[in-house]
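A.B. asks: Given only the sequences and the hints, what does the whole structure look like? Please build it.
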Amino acid sequence: MTSPESSSRQLILARIAAALGRDAAAAASVAPADYAALPRDYHAATADQPAQRIQRFLDRLHEYNAECTRVGSASEIAPAIAATLTARSQSPHAEVPLASAALAVASGIPPAWLPAGFDFPLADPLTLAELDRQPGILTTCTVAIAETGSLVLQSAPSQGLRRHTLVPDFHLCVVFESQLVSTVPEAFARLDPDLPTTFISGPSATADIEMTRIKGVHGPRSLYVLLVAD
Amino acid sequence: MTRETQPSQQNQHWNRRDFPEAARQALAAQPAADAPFEHSQTRRNVRHATDVIQAKRNAVTAELPDWQALRRAGAAIRAHTLEHLDHYLLEFEANCTRRGGRVHWAADEAEARRLVLEILAPHAPREVIKIKTMTSEEIHLNACLEEHGIHPIETDLAELIVQLGGDRPSHFVAPALHISRGQVRDLFARAMRQPDLTDSPDDLVAAARSYLRQKFLTTPVAISGANFLLADTGGVCIVESEGNGRMCLTLPDVLISIVGIEKVLPRFQDLEVFLQTLPRSATGERMNPYNSIWSGTPTGDGPREFHVILLDNGRSPILADEESRQTLRCIRCAACLNACPVYHQTGGHAYESVYAGPIGAILTPQLHSMHAAQSLPYASSLCGACYEVCPVEINIPEVLIHLRSQVVQQQQSTLTGSLGLWNLAMQSAAFLMRDSHRLPAAVHLAQRLQSPLVSRNGFIEWLPGPLSGWTKTRDLPALPAESFRDWWQRTHAQKSAPEPNPKPNPESAS
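Those protein sequences? They're chains A and B, same order as listed.
Each step along the first sequence adds one to the number in the working numbering, with nothing skipped, and position 114 is 114.
Each step along the second sequence adds one to the number in the working numbering, with nothing skipped, and position 488 is 488.
Quick caveat, the hints were computed from the structure, so don't treat them as lab data.
Cβ atoms here follow ideal geometry from the backbone N, Cα and C, with glycine treated the same way.
Each hint should be verified, as a subset may be incorrect.
Have a look at the derived ranges for each label pair, beta carbon to beta carbon [claimed, not checked]:
#1 B/69 with A/63: 21 to 27 Å
#2 B/300 with A/230: 27 to 33 Å
#3 A/127 with B/381: 54 to 60 Å
#4 B/198 with A/46: 42 to 48 Å
#5 A/127 with B/317: 45 to 51 Å
#6 A/230 with B/55: 35 to 41 Å
#7 B/118 with A/75: 54 to 60 Å
#8 B/28 with A/6: 48 to 54 Å
#9 A/51 with B/148: 58 to 64 Å
Reference listing, derived: stretches of chain B covered by chain A, where coverage requires no fewer than 3 residues with Cβ under 8 Å from a Cβ of chain A [as the list claims (entries may be wrong)]:
#10 104-118
#11 180-193
#12 233-245
#13 334-341
#14 416-428
C.D. replies: Here it is, written out as structure tokens:
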């Protein structure tokens with residue numbers, strides 16, 4: 001252990017132990033017992049009704065300039081996606097009007113969700129340059145949070161790789177009502193700590209110029225949520 | 001051990017001047033010759049920006065019924081982590097390594113720079129993309145990279161504005177809050193060769209998007225900081241708005257994260273507290289657009305090579321002082337900057353430090369073992385607004401006073417300091433005020449001696465020697481013929497019980 005790097009490691013650990021006034025090796029190896037006793041009297045959950053929770057989620061998405069459509073069952077997903085893509089391709093403001101008739105899809109998306117008449121290339125095999133040319137991406141999420149209007153995506157086949165929901169300019173996310181929780185702590189209870197995780201709250205934005213929130217910097221400029229009753 | 005000595009570059013950019021001098025310059029009508037922007041405009045921008053963030057922050061913290069419980073939990077988790085910092089760093093190292101990350105330890109800024117260069121060497125990049133990182137500012141990484149022929153590209157919009165303007169960040173959440181959109185337009189139009197650019201924020205953002213897109217897709221190496229390290233998973237959490245962070249974290253082949261050793265949290269689940277308090281405190285949002293959490297090198301998803309540089313650089317000694325250790329709880333939300341009446345007036349540059357505002361006033365001198373930035377603990381009115389808004393309950397006023405006493409003790413320990421006019425005056429004042437007989441006697445003496453100096457209007461317009469500094473710019477009211485104590489004695493003496501006479505403390509009678 002003579003490389004400068006490892007000696008810095010020892011030096012820093014020794015400095016910390018000395019500053020904390022105890023023996024380096026012994027203290028560092030013992031798991032701190034008092035962690036369990038830390039005060040956590042914040043609200044883990046709220047007693048809201050599902051209707052309230054959904055309304056709050058919709059309000060938050062609206063504030064972020066994200067769009068949302070509600071459908072009554074999984075069988076209505078395909079028609080809703082068709083309607084969205086048609087509307088986007090016909091919108092006078094669409095950045096890439098004709099190409100919007102296509103949407104890259106994460107690998108685990110059920111084929112039954114994909115309406116006929118549109119192009120749905122699989123996202124996984126796309127190179128970065130190809131991904132950059134895709135007008136949009138379709139995924140699901142692990143959990144959504146009403147209080148903060150957040151979608152949480154983890155590494156799962158239907159949720160895509162992290163770059164898939166980043167590089168294309170349009171992200172369409174299917175959220176089931178059973179995935180919607182009220183608070184941030186409730187969401188954490190449903191997450192797998194070992195998976196890469198991305199919280200998405202509205203389209204990419206900045207307030208760096210005169211504190212004005214401006215939608216769409218480097219991430220997707222449009223975020224579209226399809227909320228499905230289940 | 002050459003590593004123990006502070007590198008010489010340390011003070012080239014920062015801590016050159018005392019706070020009062022730097023603040024006077026920041027507030028002066030005429031900017032210094034090297035200042036990139038006009039001062040009155042800068043001050044308007046700072047005031048506007050801090051007012052806006054502060055109002056949003058107040059609204060979104062007030063709506064949470066459990067806000068104080070979240071602050072308490074956040075403070076307790078951070079305090080607990082610091083008490084067991086070595087344990088949690090080792091746990092982080094083991095878990096990050098197990099998942100394919102490489103952990104390096106940097107005792108000081110020179111070693112951190114050397115580690116970055118060593119990691120970069122086999123990739124020989126001409127450019128690297130960067131996410132806004134305070135540790136990179138702290139170790140002066142950009143200048144070092146440029147010296148070695150590597151161009152760092154700041155991808156955070158505000159950092160890009162600061163970089164293109166040849167300026168310094170003035171706030172560690174919104175580094176360009178002192179710059180208006182008209183000024184941004186001029187910078188972008190020049191740097192991106194777009195003379196027709198308008199100053200609408202939408203256009204400016206679109207210009208930044210297209211300017212950086214190819215850089216994101218093709219640059220092989222990214223450098224970041226981190227908001228949190230997670231001991232139990234070896235995870236890293238980065239909180240951002242624009243998506244530039246996600247680009248840097250997921251697209252390049254190599255990612256280097258430079259992180260202060262104090263940034264670790266025990267468990268993944270602890271984020272449920274900080275992902276509530278940090279966004280609301282920092283930008284006044286319920287949640288910022290993007291949070292990324294990952295550990296090591298997940299297969300096929302993100303960089304193939306991931307390095308974490310754990311940076312000490314003056315942090316570990318701060319743990320030794322139980323009163324000021326709380327400084328290291330900081331999660332860099334900058335709410336204390338926005339709330340501070342001093343920062344509100346001076347902006348960030350007056351602090352001459354990477355870390356500005358109230359937290360900078362306590363962190364910066366301690367990072368230098370109290371041997372630099374000694375005027376910063378005085379850059380406060382001690383009003384307590386910073387403590388009130390702090391999401392991890394750092395009692396900044398308490399630490400400020402604690403550090404002031406350290407500065408004084410340090411000055412008293414030198415010959416010039418102990419014989420200095422300031423120390424002698426303070427010692428004399430302490431001697432007089434410590435005893436209920438000495439003070440009235442001194443007042444009576446002064447009442448007699450002042451008469452040659454009092455002008456006809458009852459003011460003293462000139463004082464001799466070192467006291468002349470006061471009367472140069474203002475008049476001093478003369479002492480009245482009867483002092484308050486004498487008046488009280490004359491009118492109330494019989495009614496009230498005799499005042500207990502506190503014994504002078506024999507130890508400190510100097």
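A.B. asks: Now tell me if each hint is right for this structure.
C.D. replies: Cross-check of the supplied hints:
1. In this structure, residue 69 of chain B and residue 63 of chain A meet the distance hint of 21 to 27 Å, their C-beta atoms being roughly 25 Å apart.
2. Distance hint check: the CB atoms of residue 300 of chain B and residue 230 of chain A are about 30 Å apart, consistent with the given range 27 to 33 Å.
3. The given range of 54 to 60 Å is respected by residue 127 of chain A and residue 381 of chain B, whose C-beta atoms sit roughly 57 Å from each other.
4. Between residue 198 of chain B and residue 46 of chain A, the C-beta spacing of about 45 Å keeps the proposed range 42 to 48 Å intact.
5. Distance hint for residue 127 of chain A and residue 317 of chain B: a CB-CB separation of about 49 Å, consistent with the stated range 45 to 51 Å.
6. Under the hint 35 to 41 Å, the C-beta atoms of residue 230 of chain A and residue 55 of chain B, about 40 Å apart, fit the expected range.
7. For the hinted restraint 54 to 60 Å between residue 118 of chain B and residue 75 of chain A, the CB-CB distance of approximately 57 Å keeps it satisfied.
8. A beta carbon spacing of about 50 Å between residue 28 of chain B and residue 6 of chain A agrees with the range 48 to 54 Å that was offered as a hint.
9. At about 60 Å, the CB distance of residue 51 of chain A to residue 148 of chain B agrees with the hint of 58 to 64 Å.
10. A count of 6 residues in the segment 104-118 of chain B with a Cβ less than 8 Å from any Cβ of chain A is obtained; the coverage claim is therefore met, three being the minimum.
11. Given as covered by chain A, the segment 180-193 of chain B passes the check, having 3 residues with a CB less than 8 Å from a CB of that chain where 3 are the minimum.
12. Under a criterion of three residues with beta carbons nearer than 8 Å to beta carbons of chain A, the stated coverage of the segment 233-245 of chain B is upheld, 6 such residues being counted.
13. Here the segment 334-341 of chain B counts 0 residues with a CB under 8 Å from a CB of chain A, which misses the bar of 3, and the coverage is violated.
14. Look at the segment 416-428 of chain B against chain A: 0 of its residues bring a Cβ nearer than 8 Å to a Cβ of that chain, fewer than three, so the hint is violated.
In this structure, the hints that do not hold are numbers 13, 14, in rising order.
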